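Colleague: Let the hints inform the model, and build the full structure from the sequences given.
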Amino acid sequence: DTEVTQTPKHLVMGMTNKKSLKCEQHMGHRAMYWYKQKAKKPPELMFVYSYEKLSINESVPSRFSPECPNSSLLNLHLHALQPEDSALYLCASSQRGLAGNTDTQYFGPGTRLTVL
Amino acid sequence: AQSVTQLDSQVPVFEEAPVELRCNYSSSVSVYLFWYVQYPNQGLQLLLKYLSGSTLVKGINGFEAEFNKSQTSFHLRKPSVHISDTAEYFCAVTLIIQGAQKLVFGQGTRLTINP
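Residue numbers (the working numbering), protein chains in the order written: chain A, 1 to 116; chain B, 117 to 231.
Think of the hints as simulated: they come from the structure by calculation, not from any bench.
Computed from a predicted structure; not experimentally measured.
Even for Gly, the Cβ is constructed at its ideal location relative to N, Cα and C.
Be a bit skeptical, because a hint or two may be false.
[As the list claims (entries may be wrong)] Footprint (simulated), chain A over chain B, 3 or more residues, beta carbon under 8 Å: (1) 151 to 159; (2) 162 to 171; (3) 216 to 225.
[What the hints assert, rightly or not] Examples of chain B residues toward chain A, derived with CB under 7 Å: (4) 148; (5) 206; (6) 213.
Modeller: So this is what it looks like as structure tokens:
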């Protein structure tokens, strides 16, 4: 089973709202990732968690706040977003995410976010 | 630094014709290369990967790719395409930052299959 699930599938929020995106995997992977994908563009890495610790933050604005409560779950908390933050947010997981490993990342279906 | 270049932004092909989607990489160290497919309004699905060993890699849905170190290429091929292959295809390479791995994607190639 190589399934990564994401909820919700679609989310519409105002600029003053607070919302959260959720990602879950049950493959025993210890690395999880958030990507942002704008239309007709490749995914751009936002955050990497490895063994529940934040290992990469690609200079993402603080209005995006990741959380990894356990090895199977990854959340992305959203607050005071801007319309330009509208995009497809993809979650992925891989076995360890560490240098020296030949990991393969498996992606979820994404959450389509619209900020009004 | 490792990066990938997908040479064609769009590739139109007739159904049952062969197709090649081109990908070149730049790296001074060992590379791990991937092809992902993204169908409309969906996430990314792994097609195939090259980590080591045989340079000809077979993937799902009849796709294959050949790792060519001398030409720094990892082109994706399929001998006969179907309408259902219409999608965006991304080539990617693994980059190590701060002891962790990240995927660096090419700009993508939109494959359109015409009947």
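Colleague: Now tell me, hint by hint, if it's right for this structure.
Modeller: Results for each hint:
Counting residues of the segment 151 to 159 of chain B whose CB falls under 8 Å from any CB of chain A gives 4; the rule of at least 3 is met. For the segment 162 to 171 of chain B, the stated coverage by chain A is satisfied: 4 residues place a CB nearer than 8 Å to a CB of that chain, which reaches the threshold of 3. Taking a C-beta to C-beta cut-off of 8 Å, the segment 216 to 225 of chain B contributes 8 residues in contact with chain A, enough for the three needed, and the coverage statement holds. Restraint check, residue 148/B versus chain A: the minimum CB separation of about 6 Å is within 7 Å; hint holds.
At about 6 Å, the closest approach between the beta carbon of residue 206/B and any beta carbon in chain A falls short of 7 Å, and the interface hint on this residue holds. This hint holds: residue 213/B has a C-beta 6 Å from the nearest C-beta of chain A, less than the 7 Å allowed.
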